[in-house]
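Listed here are the chains, written in short residue letters.
Protein chains: 2
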Amino acid sequence: MRERVIGAAQMGPIQKSDSREAVVSRMLALLDRAAAQGCDLVVYPELALTTFFPRWYMEDQAEIDGWFEREMPNAATRPLFDRAREHGIAISFGYAELTPEGHHFNTSILTDRQGNIVGKYRKVHLPGHVEYDAARDFQHLEKRYFEPGDLGFETFDNEGTLMGMCICNDRRWPETWRVMGLQGVELVMLGYNTPSVNSQNRGEGLSKRLYHSELSVTAGAYQNATWAVAVAKAGVEDGFPLMGGTIIVDPDGFVVARTTGEGDELIAAHCDMERCQFGKTTIFDFARHRRVEHYGRITSQTGVER
Amino acid sequence: MRERVIGAAQMGPIQKSDSREAVVSRMLALLDRAAAQGCDLVVYPELALTTFFPRWYMEDQAEIDGWFEREMPNAATRPLFDRAREHGIAISFGYAELTPEGHHFNTSILTDRQGNIVGKYRKVHLPGHVEYDAARDFQHLEKRYFEPGDLGFETFDNEGTLMGMCICNDRRWPETWRVMGLQGVELVMLGYNTPSVNSQNRGEGLSKRLYHSELSVTAGAYQNATWAVAVAKAGVEDGFPLMGGTIIVDPDGFVVARTTGEGDELIAAHCDMERCQFGKTTIFDFARHRRVEHYGRITSQTGVER
Numbered sequence: 001m002r003e004r005v006i007g008a009a010q011m012g013p014i015q016k017s018d019s020r021e022a023v024v025s026r027m028l029a030l031l032d033r034a035a036a037q038g039c040d041l042v043v044y045p046e047l048a049l050t051t052f053f054p055r056w057y058m059e060d061q062a063e064i065d066g067w068f069e070r071e072m073p074n075a076a077t078r079p080l081f082d083r084a085r086e087h088g089i090a091i092s093f094g095y096a097e098l099t100p101e102g103h104h105f106n107t108s109i110l111t112d113r114q115g116n117i118v119g120k121y122r123k124v125h126l127p128g129h130v131e132y133d134a135a136r137d138f139q140h141l142e143k144r145y146f147e148p149g150d151l152g153f154e155t156f157d158n159e160g161t162l163m164g165m166c167i168c169n170d171r172r173w174p175e176t177w178r179v180m181g182l183q184g185v186e187l188v189m190l191g192y193n194t195p196s197v198n199s200q201n202r203g204e205g206l207s208k209r210l211y212h213s214e215l216s217v218t219a220g221a222y223q224n225a226t227w228a229v230a231v232a233k234a235g236v237e238d239g240f241p242l243m244g245g246t247i248i249v250d251p252d253g254f255v256v257a258r259t260t261g262e263g264d265e266l267i268a269a270h271c272d273m274e275r276c277q278f279g280k281t282t283i284f285d286f287a288r289h290r291r292v293e294h295y296g297r298i299t300s301q302t303g304v305e306r
Numbered sequence: 001m002r003e004r005v006i007g008a009a010q011m012g013p014i015q016k017s018d019s020r021e022a023v024v025s026r027m028l029a030l031l032d033r034a035a036a037q038g039c040d041l042v043v044y045p046e047l048a049l050t051t052f053f054p055r056w057y058m059e060d061q062a063e064i065d066g067w068f069e070r071e072m073p074n075a076a077t078r079p080l081f082d083r084a085r086e087h088g089i090a091i092s093f094g095y096a097e098l099t100p101e102g103h104h105f106n107t108s109i110l111t112d113r114q115g116n117i118v119g120k121y122r123k124v125h126l127p128g129h130v131e132y133d134a135a136r137d138f139q140h141l142e143k144r145y146f147e148p149g150d151l152g153f154e155t156f157d158n159e160g161t162l163m164g165m166c167i168c169n170d171r172r173w174p175e176t177w178r179v180m181g182l183q184g185v186e187l188v189m190l191g192y193n194t195p196s197v198n199s200q201n202r203g204e205g206l207s208k209r210l211y212h213s214e215l216s217v218t219a220g221a222y223q224n225a226t227w228a229v230a231v232a233k234a235g236v237e238d239g240f241p242l243m244g245g246t247i248i249v250d251p252d253g254f255v256v257a258r259t260t261g262e263g264d265e266l267i268a269a270h271c272d273m274e275r276c277q278f279g280k281t282t283i284f285d286f287a288r289h290r291r292v293e294h295y296g297r298i299t300s301q302t303g304v305e306r
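Sequence lines, in order, name chains R and G.
Numbered per the working numbering, the first sequence finishes at 306, counting up by one with no gaps.
Numbered per the working numbering, the second sequence finishes at 306, counting up by one with no gaps.
Just so you know, the hints here were simulated from the structure itself, not pulled from any lab data.
Where hints are given, some of them may not hold.
As the list makes no split between identical chains, a pair holds if one copy fits it or if it spans any two.
[Unchecked claim] Calculated cross-link-like contacts (lysine to aspartate or glutamate; reagent style DMTMM-like; alpha-carbon spacing at most 20 angstroms):
id, residue 1, residue 2
1, K280, D133
2, K143, E293
3, K120, D157
4, K143, E159
5, K208, D252
6, K120, E101
Just chain R, with the same shape it has in the complex (with noise of 0.2 angstroms):
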């Protein structure tokens, strides 16, 4: 037995004009009841700090700065560092991220127990588009806002457990839960936000979204037999709807933990890391049994060739 108590911390909308200190006031609510309820580690969603700003099309360097972190911790976030160390909770949460070199990322950050940050992931698989899209219900510009992540999909001895992060669409890429899984990772951790429509097809609605997004976190968890943690930024944000359904997931692939609503919500889950185990040493052996002589088109071309 080598267990962790995983809190997901779910958030609800945050509004354009709402404050990174009012956000970062509810992060630290729930990161008081996750304490409350014995957990080691919490996992807030991807870009918690802000709205989801790739929802608006911008031209202004300046305004666009102005969603991104410069440093982590900051003043805005130094009191959630703050309080998961007294708390001896690890946390893990996305920002936007702009380097001292001027590179835009997606960026997620995992500390261990005592608020140092020990990881690091910057979003590969960005999804959307580059210019304003007329045909499309609403924008999704994080291909003009972001580029891609340049760390790959590490993954990081957290104090005995060997974690990984992604971020939303990433899930939905076999390969990362692969790539991660080929280095025996135990605990994938992700956020998400989500619309709860398809800004290209009205008729794909919320019950065929949820579904989508755990169909691809249950699998790449009983591919890889590795725990995961999805987390929703959910809710109605600056008018448009995005999607709830955090889940924690087990290695065999079987939800252990959702959440109900599309508020602030905290689930947490008594985690046995050795029940990865059983899949990596029989089934998902991928020693045995994985033959890469045959999966040379993954690596030796990007788009659909006949």
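Could you slot chain G onto chain R? The hints should help.
Below, chain G alone, put in the same frame as chain R:
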């Protein structure tokens, strides 16, 4: 609209003592039912002509080879090819293949609507083990009797539909689906013989096993925007239970038809191949979204490496 009417021909158990001829007569009955429902393609299970013989430990090579086909079609299976041609139905089914060079494969073939073999697949991901394993509740000796397939995951333009095959355990490996997805596959066909309980974990029973199978197939279909047909050999075979759970899945990952029992059972669905286009040109437009520079481990290493 580019419609195929696809039949999934689930088969009930085949006992050790059943002749090829008796099995083929059951396959003919399923084919006639498919014709009556207007099918132009019928998919049968893995090792459709015999019992799932890898559950038996054998040392005598002549006895082993008795489960294999040395040519296809052969005397026993020719009536199936003939009837398929009469109905104008393309078929796919699995069998144990012994090549003129003496190689043993777990194979599936695909015909066009004129009964010509237009595609062949040899199972890549062989589950199980090589030597007798006293720790298991029953044996699963695929790694003993078969060599890993040497043809990779090819796709075949079969009268205007791009089709691919895999077999049983292959469906649990996202690499299987992705290699075909990277060729633009529109329909993945697979058969399976899956025990209703895990030979290494008695607590993993039917409902869990069905869930894992469906999870793998629906995720593979969704993440590659392809139709999928997964067909069971089911029921109590030689005293050992095999699960059913035959499904036809749309390119959105939703099950559109499923069997209800564990016997010979034909289900059919009208499948518009054009429905693959939405996923392939938006969220899973590989050329726009994949980042192969971060996938290196998938082909450069077989097992887990930190």
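Outcome of the hint check:
no.: 1; hint: K280 x D133; verdict: between (44 angstroms within a copy, 19 angstroms between copies)
no.: 2; hint: K143 x E293; verdict: between (33 angstroms within a copy, 17 angstroms between copies)
no.: 3; hint: K120 x D157; verdict: within (12 angstroms within a copy, 44 angstroms between copies)
no.: 4; hint: K143 x E159; verdict: neither (35 angstroms within a copy, 38 angstroms between copies)
no.: 5; hint: K208 x D252; verdict: between (23 angstroms within a copy, 9 angstroms between copies)
no.: 6; hint: K120 x E101; verdict: within (17 angstroms within a copy, 53 angstroms between copies)
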